[in-house]
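Asks: Residue numbers (the numbering used here), protein chains in the order written: chain A, 1 to 302; chain B, 1001 to 1419.
Among the hints, erroneous ones may be present.
[Unchecked claim] Each pair of labels, with its calculated beta carbon distance range:
#	chain 1	residue 1	chain 2	residue 2	range
1	B	Phe1278	A	Ala73	18 to 28 Å
2	B	Ser1408	A	Tyr3	39 to 49 Å
3	B	Phe1278	A	Glu178	28 to 38 Å
4	B	Arg1244	A	Ser90	38 to 48 Å
5	B	Asn1198	A	Tyr3	33 to 43 Å
6	A	Gln156	B	Ser1302	33 to 43 Å
7	B	Asp1317	A	Ser2	31 to 41 Å
8	B	Gly1217	A	Ser90	42 to 52 Å
9	B	Arg1244	A	Glu27	18 to 28 Å
10	B	Asp1279	A	Glu27	27 to 37 Å
11	A	Glu178	B	Val1334	45 to 55 Å
12	B	Lys1352	A	Gln92	53 to 63 Å
13	A	Lys201	B	Gly1123	50 to 60 Å
14	B	Lys1260	A	Ser2	33 to 43 Å
Keep in mind that the hints were calculated from the coordinates and are not lab data. Quick reminder that beta carbons are idealized off the backbone N, C-alpha and C, glycines included.
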Amino acid sequence: MSYNLNHLKELEAESIFIIREVAAQFERPVLMFSGGKDSILMVHLARKAFYPANIPFPLLHIDTGHNFPETIAYRDELVASVGARLIVGSVQEAIDQGKAVEEKGFNASRNYLQTNVLLEELEKGKFDAALGGARRDEEKARAKERFFSHRDEFGQWDPKNQRPELWNLFNGKKVFGEHFRVFPISNWTELDVWMYLAMEKVPLPSLYFAHKRPVFEREGTLLADCEYITKRPEEQAAVEEKMVRCRTIGDMTCTGVWESEAATIEDIIKEVSIARKTERGGRTDDKRSETAMEDRKKQGYF
Amino acid sequence: MTDYKNMELLRFTTAGSVDDGKSTLIGRLLYDSKSIFEDQYEAVRQSTERRGEEGVNLALLTDGLKAEREQGITIDVAYRYFATPKRKFIIADTPGHIQYTRNMVTGASTANVALILIDARHGVVEQTRRHAFIASLLQIPHLVVCVNKMDLVDYKEEAFERIKADFEEFSYKLDVNDVHFIPISALMGDNVVDKSANMPWYGGSTLLYYLENVHIGSDYNFIDCRFPVQYVIRPNTDEYHDYRGYAGRVAGGVFKKGDKVMLLPSGFTSKIAKIDTFDGEVEEAYPPMSVTMLLEDDLDLSRGDMIVRENNTPEIDQDVEVMVCWFNERPLQVRGKYAILHTTQDVRCIIKEVRYKLDINSLHRNEEDKQIGMNDIARVVIRTTKPLFHDSYRKNRVTGSVIFVDESTNETVGAGMII
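Chain A with its partners taken away, still in its complex shape (with noise of 0.2 Å):
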């Protein structure tokens, strides 16, 4: 007889084992929802950890205003379908109160905003331990980032600063004020997430299968046509619909799209094992400099 699990068993179960404990060590605990598939992952894994019991925490979700419809819509869906509580943060809101200042020119992003709109809801719930999807494979300053994230009270991460985690003994505790930022896909890379996600047959976003869409290229990348981006003549000039998808979903005005033919989850299986770029390659607000994720990180970026 032989009791082995397969390596997605393996990584569910420490997730799950993580975002219980979670629930066990903190009072407000709540789960950054972007729309994108590791928070949908997240939510999928959270529903486990508490059949029968609906997922004892609610849902936040950052608005940049600049969503693809596409993930307002999933979102909604979602929502209904597992019976969770959704708070919005608006930016958009944040820009109309004078809160926050909208950036200009052509990378303008609403990207750097969202953190203080974050740490605004995350203190306005008095939300202790804020439940997020980032996976250490992303990106090279988060492959040292811990299950439990220690923030001070001003959200900030210090790198230096982090609490060593050995065996499966997590350590949250903090004084009143502080909070968490917990990773329970830390271990997951951007093909495991996908290769769970046929397994589980979870249902996924359209935006993640190839579709036709007007785009046009911008260093290197392709991004959606939309009314949020300030485009050059030039840009204006060579927009073309082709058949693409996201390989990330975040705000349109940063998130890349890719030419693909990918229908179905194996058929995206297929073209991620043989991609020769990551996932964050589209991502514009990680190329600003060599450590602009660190940067916004160290501010209490998601």
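Keeping the supplied structure of chain A fixed, place chain B upon it in accordance with the hints.
Replies: Relative to chain A, chain B alone:
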């Protein structure tokens, strides 16, 4: 296409300094298994160029944080991932210098395999002994000694055999069962992924073949049933009105529906009515599964309690001896009080006594020097406020491990292995 439902997960740790070629070896494994992407490679090529160095410095791939890239050192545990059609690998990449003992211990705590690098020109050095000792202390089930830079000793069998003999001479004193030796050149690629044409005298497997095939199915304890209760699930809905499920991760043994079980600390007995998951009921649960147990009797169990078998209980004791590795700049305080986390229990303890401090290079037990500072390893006696349901770390890495938390700063200040 890969049959991804039949892949296994293997975690391994690498310890070593910049000079012994560790980063090159990891770079080689990632590169040859096509786990490095073009844009990552390009970013590294560009930073190498900016730094005025030649070629492509693969070490830059694994040194994640700004401070580390500036200083050219690895100061933390970095996790790397790659996969072959057989297995997914998680590498805990740690610095090897003595001041980073705590990082090595951290990386070793969850590993199936420890990879120890030796420079073929220098042979077994102090650092080799330290790594091997930490691997044995942390009970990493399998050890691979890679004798690296074989190209620089003309691929000579004698060089390899001499190092192997030297290693065995001191490792027999250590508690390691399964040791493998592989002569490699990470730089040239010999015996890493492909078999070396330069060393026909070597009949063993390549490093990647070993990592893909080493038997890890017995790395967990499947004998002694231990289920620490992590969280109680009570849906409070009409459909599941009386549902009371004990959620947790199996820490040892195989639990089956219908098994007679004992509950700790109460000592009450009951039977397993059902082992539940989101995907339906399962007949049995074993490590490292996360499941929910339902019992036949309506008994009061909560987080920190443990479900075990009546005829096979763990030690239940408030006085425990542990080997501790200290992590914090503030030294361990004898008579000091700490919070400790053990399975799903959170209790307090007092350090009653330091038995000895261990010199991790010579393995000498120093009973005079009881000043335990950062990166020191010592045997201590503790008394806890509540009994711990524990096994020795040798028997079970889950029920035999604790971490110490300083209650004034909430920092994790030490890691302990129960003797």
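Asks: So, for every hint listed, does it hold in this structure?
Replies: Each hint tested on the structure:
A beta carbon spacing of about 25 Å between B:Phe1278 and A:Ala73 agrees with the range 18 to 28 Å that was offered as a hint. For B:Ser1408 paired with A:Tyr3, a C-beta distance near 43 Å keeps the hint of 39 to 49 Å intact. Range check, B:Phe1278 to A:Glu178: Cβ separation about 32 Å, and the 28 to 38 Å hint holds. For B:Arg1244 and A:Ser90, the Cβ-Cβ distance of about 40 Å falls inside the hinted range of 38 to 48 Å, so the restraint holds.
At roughly 41 Å, the beta carbons of B:Asn1198 and A:Tyr3 sit within the given window of 33 to 43 Å. For A:Gln156 and B:Ser1302, the hinted distance range of 33 to 43 Å is satisfied, since their beta carbons lie about 35 Å from each other. The beta-carbon spacing between B:Asp1317 and A:Ser2, approximately 34 Å, falls within the hinted interval of 31 to 41 Å. In this structure the hint that B:Gly1217 and A:Ser90 lie 42 to 52 Å apart at CB holds, the actual value being about 51 Å.
For the hinted restraint 18 to 28 Å between B:Arg1244 and A:Glu27, the CB-CB distance of approximately 22 Å keeps it satisfied. Restraint check, B:Asp1279 to A:Glu27: a C-beta distance of roughly 30 Å satisfies the suggested window 27 to 37 Å. The supplied range of 45 to 55 Å is broken by A:Glu178 and B:Val1334, whose beta-carbon atoms lie about 30 Å from each other. Between B:Lys1352 and A:Gln92 the beta carbons are some 60 Å apart, a value that agrees with the proposed interval 53 to 63 Å.
About 54 Å separates the C-beta atoms of A:Lys201 and B:Gly1123, a value consistent with the hinted range of 50 to 60 Å. Our hint of 33 to 43 Å for B:Lys1260 and A:Ser2 is violated, since their Cβ atoms are close to 25 Å apart.
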